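As they're listed, the protein sequences go chains A and B.
Reminder that position 45 of the first sequence reads as 45 in our numbering, one-by-one numbering, no gaps.
Reminder that position 38 of the second sequence reads as 38 in our numbering, one-by-one numbering, no gaps.
Calculated from the structure, these hints are not laboratory results.
Be aware that one or more of the hints could be misleading.
What the hints assert, rightly or not - Taking CB as the label site, the calculated pair distances span:
hint: 1; chain 1: B; residue 1: S39; chain 2: A; residue 2: L26; range: 16 to 26 Å
hint: 2; chain 1: A; residue 1: S15; chain 2: B; residue 2: I9; range: 26 to 36 Å
hint: 3; chain 1: B; residue 1: D54; chain 2: A; residue 2: P40; range: 29 to 39 Å
hint: 4; chain 1: B; residue 1: S84; chain 2: A; residue 2: F39; range: 20 to 30 Å
hint: 5; chain 1: B; residue 1: A1; chain 2: A; residue 2: D65; range: 18 to 28 Å
hint: 6; chain 1: A; residue 1: L26; chain 2: B; residue 2: I60; range: 15 to 25 Å
hint: 7; chain 1: A; residue 1: Q99; chain 2: B; residue 2: S72; range: 22 to 32 Å
hint: 8; chain 1: A; residue 1: G53; chain 2: B; residue 2: S14; range: 46 to 56 Å
hint: 9; chain 1: A; residue 1: E103; chain 2: B; residue 2: T55; range: 12 to 22 Å
hint: 10; chain 1: B; residue 1: T12; chain 2: A; residue 2: E103; range: 27 to 37 Å
hint: 11; chain 1: A; residue 1: D27; chain 2: B; residue 2: S80; range: 29 to 39 Å
hint: 12; chain 1: B; residue 1: H10; chain 2: A; residue 2: G61; range: 20 to 30 Å
hint: 13; chain 1: A; residue 1: K64; chain 2: B; residue 2: T55; range: 35 to 45 Å
What the hints assert, rightly or not - Computed list of lysine to aspartate or glutamate pairs in EDC-like fashion (alpha-carbon distance at most 16 Å, straight line):
hint: 14; chain 1: B; residue 1: K49; chain 2: A; residue 2: D102
hint: 15; chain 1: B; residue 1: K101; chain 2: A; residue 2: E103
hint: 16; chain 1: B; residue 1: K101; chain 2: A; residue 2: E59
hint: 17; chain 1: B; residue 1: K61; chain 2: B; residue 2: E20
hint: 18; chain 1: B; residue 1: K101; chain 2: A; residue 2: D88
hint: 19; chain 1: B; residue 1: K49; chain 2: A; residue 2: E103
hint: 20; chain 1: A; residue 1: K41; chain 2: B; residue 2: E20
Every value quoted in this text rests on a predicted model; they were computed, and no experiment measured them.
In this text, a Cβ means the ideal position worked out from N, Cα and C, and glycines have one as well.
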Amino acid sequence: GAVVSQHPSWVICKSGTSVKIECRSLDFQATTMFWYRQFPKQSLMLMATSNEGSKATYEQGVEKDKFLINHASLTLSTLTVTSAHPEDSSFYICSAIGQGADEQYFGPGTRLTVT
Amino acid sequence: AQSVTQPDIHITVSEGASLELRCNYSYGATPYLFWYVQSPGQGLQLLLKYFSGDTLVQGIKGFEAEFKRSQSSFNLRKPSVHWSDAAEYFCAVGGAFGNEKLTFGTGTRLTIIP
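Using the sequences and the hints given, assemble the complete structure.
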């Protein structure tokens, strides 16, 4: 089956710094990738949708200048949390889907802790 | 706007007993429906999905779900649960095209007692 990886799986950073999370489709070309955020014991909330080579589409209420998404290739999308604050601490999950496919494949998630 | 309601936040079931997790959705067109399972600290694993056809869908790990359009429901069932089924379960709805975003319910946490 299709595999999506995320790196790192866990990261701690200091308040005010930036952190980059990678999402890779390992065995298929992902024309679309999604970034979700999950707070403890809560559901996944879609942050943005990114299509390869295009600017990401952000959901209402998500600061695009704070959560920078780049989908520069068909196998890699990155989420950069800029000037991180403790309230940005969360579990970030990406998913990817190939051209013409009907199922998103999810990465294992990245736990971000901002101190 | 699309939405998903999972009315049960937490369910406790004895090992070997049957299970039903409820899911109701709201969607303006023909929905694509999914059930995912998430173990602690893990990503999501797809259990099953419904796009069209037979309204009773079989998934992995012995799970099945039934789509009932008249009730806007897509309940997940398993005849006999195992201790390893303890996890968080999410129902999700998406559009007719796979690259449309998914809207998730708030999840149901399943606890299994011996």
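A quick look at each hint next to the structure:
no.: 1; hint: S39(B) with L26(A): 16 to 26 Å; in the structure: 21 Å, holds
no.: 2; hint: S15(A) with I9(B): 26 to 36 Å; in the structure: 32 Å, holds
no.: 3; hint: D54(B) with P40(A): 29 to 39 Å; in the structure: 37 Å, holds
no.: 4; hint: S84(B) with F39(A): 20 to 30 Å; in the structure: 26 Å, holds
no.: 5; hint: A1(B) with D65(A): 18 to 28 Å; in the structure: 26 Å, holds
no.: 6; hint: L26(A) with I60(B): 15 to 25 Å; in the structure: 20 Å, holds
no.: 7; hint: Q99(A) with S72(B): 22 to 32 Å; in the structure: 31 Å, holds
no.: 8; hint: G53(A) with S14(B): 46 to 56 Å; in the structure: 52 Å, holds
no.: 9; hint: E103(A) with T55(B): 12 to 22 Å; in the structure: 19 Å, holds
no.: 10; hint: T12(B) with E103(A): 27 to 37 Å; in the structure: 31 Å, holds
no.: 11; hint: D27(A) with S80(B): 29 to 39 Å; in the structure: 34 Å, holds
no.: 12; hint: H10(B) with G61(A): 20 to 30 Å; in the structure: 28 Å, holds
no.: 13; hint: K64(A) with T55(B): 35 to 45 Å; in the structure: 40 Å, holds
no.: 14; hint: K49(B) with D102(A); in the structure: 10 Å, holds
no.: 15; hint: K101(B) with E103(A); in the structure: 11 Å, holds
no.: 16; hint: K101(B) with E59(A); in the structure: 10 Å, holds
no.: 17; hint: K61(B) with E20(B); in the structure: 14 Å, holds
no.: 18; hint: K101(B) with D88(A); in the structure: 22 Å, violated
no.: 19; hint: K49(B) with E103(A); in the structure: 9 Å, holds
no.: 20; hint: K41(A) with E20(B); in the structure: 20 Å, violated
Hint compliance for this structure: hints 18 and 20 are not met, and every other hint is.
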